[in-house]
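2 protein chains.
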Amino acid sequence: MAERVVLLDLYASMFGMRARVALAEKGVEYEYREEDLRNKSQLLLEMNPVHKKIPVLIHNGKPVCESSIIVQYIDEVWNEKSPLLPSHPYERVQARFWADYIDKKVYDAGRRIWFTKWEEREAGKKEFLETLKQLESQLGDKPFFGGDTFGFVDVALIPFSCWFHTYETCGEFSIEENCPKLIRWVKRCMERESVSKSLEDPNKVYDFVLAIQKKLGHK
Amino acid sequence: MAERVVLLDLYASMFGMRARVALAEKGVEYEYREEDLRNKSQLLLEMNPVHKKIPVLIHNGKPVCESSIIVQYIDEVWNEKSPLLPSHPYERVQARFWADYIDKKVYDAGRRIWFTKWEEREAGKKEFLETLKQLESQLGDKPFFGGDTFGFVDVALIPFSCWFHTYETCGEFSIEENCPKLIRWVKRCMERESVSKSLEDPNKVYDFVLAIQKKLGHK
Chain A
1 MAERVVLLDL YASMFGMRAR VALAEKGVEY EYREEDLRNK SQLLLEMNPV
51 HKKIPVLIHN GKPVCESSII VQYIDEVWNE KSPLLPSHPY ERVQARFWAD
101 YIDKKVYDAG RRIWFTKWEE REAGKKEFLE TLKQLESQLG DKPFFGGDTF
151 GFVDVALIPF SCWFHTYETC GEFSIEENCP KLIRWVKRCM ERESVSKSLE
201 DPNKVYDFVL AIQKKLGHK
Chain B
1 MAERVVLLDL YASMFGMRAR VALAEKGVEY EYREEDLRNK SQLLLEMNPV
51 HKKIPVLIHN GKPVCESSII VQYIDEVWNE KSPLLPSHPY ERVQARFWAD
101 YIDKKVYDAG RRIWFTKWEE REAGKKEFLE TLKQLESQLG DKPFFGGDTF
151 GFVDVALIPF SCWFHTYETC GEFSIEENCP KLIRWVKRCM ERESVSKSLE
201 DPNKVYDFVL AIQKKLGHK
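Chains as they are written, first to last, in the UniProt record's numbering: chain A, 1 to 219; chain B, 1 to 219.
Bear in mind the hints are in silico, worked out from the structure with no lab data behind them.
A portion of the hints provided could be inaccurate.
Pairs involving identical chains hold if they fit within one copy or between any two copies, as the list cannot separate such chains.
[To be verified] Calculated cross-link-like contacts (lysine-lysine; reagent style PhoX-like; alpha-carbon spacing at most 25 Å):
1) LYS52 - LYS215
2) LYS204 - LYS117
3) LYS104 - LYS52
4) LYS133 - LYS52
5) LYS126 - LYS26
6) LYS52 - LYS105
7) LYS40 - LYS105
8) LYS133 - LYS62
9) LYS53 - LYS126
10) LYS53 - LYS105
11) LYS53 - LYS104
12) LYS204 - LYS125
13) LYS53 - LYS133
14) LYS62 - LYS142
15) LYS62 - LYS126
16) LYS126 - LYS52
17) LYS125 - LYS52
18) LYS187 - LYS125
19) LYS105 - LYS62
20) LYS187 - LYS62
Here the structure is a predicted model, which is why all the values come from computation and not from measurement.
Working from the sequences, and respecting the hints, build out all of it.
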């Protein structure tokens, strides 16, 4: 059967970028469809009626929702190339634990930096840096979170790096000063075409955020 | 190698109960250790230094944290009996999606009913019932969320049922009136020894909540 793969996405979404990176790692060709979140397509509403959110991967007509679940699915279905999750159950536990940690911490802390007013911004910045330091310490001296190879945790975290410029500008701080090893890891990941081609231009992400802030009356 | 399995847990925790049900389904013997959350054991702090939360499954000295990850690990390691996740990738997606939905919705909505004051309680009740109705509609006419067999989503949701009495008493409403099929599913699950032996007595859960409310000055 000919594979038909469609990704409903939004250009600046770190969650969408996870799916893009995973598909690129596996060499899967797909159709990218940009969604307008103020005017969601009928297809998005049909494919993700519960959350009505992007990204949605549609594989031969069937929807897969929630970015971590999408990446696991891609890893399980296109399993001949670039395994993302390790094969040993205990190593899988660790990969799942850190991907879950990123899900629970990084987005929310980052959002407090750019989405909120001054008072909460400082608390968000502190939490965001603590989270990145925890991740940096978990990375240790390994080239990737997956060890010698790029893996599930790398896919989960790397899309946030094209938001770093936005966090730094809105929060007036430097991530590199605080987490130099993590920035070296970002550069290492960006040498992979699967990553560099899938991540959005940091300036475009910042413009996206400026437009939201303007609507909210924050600037 | 002789297996050594320890569970750090709290009797009223629905997340701990997920691990207990999964271990019972697989017939794994383990040592249960009750934690006092106001005075956490050195072992808990060492085994889960990031979140410092129960449940933690310690398998031959190695910790596994976060209940959904624990249940997947149990399913992968003791894989000869009672598979919890389906073997087909697309069915796994659906099981993961609904377990994730339960993680994101049920606990928080339930907590708004018993942990908050009156104003928020009403909103929590509405959200809680909407969530249960969504789940009931996903269950449909199947005996279990896993279809004909008890599976991953059943393990994720069933521990909340011993909190239903607490939600109903604090929120002054009847779950059965709103979700009769879901209550029939609870009864079906309770016929399994793995469930009935692992779930806490609803009255003890309610006493646990009353003690917290008293400390908070809500009653």
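To test your reading of the hints: which numbers does this structure violate? Numbers 5, 15 and 20, in rising order.
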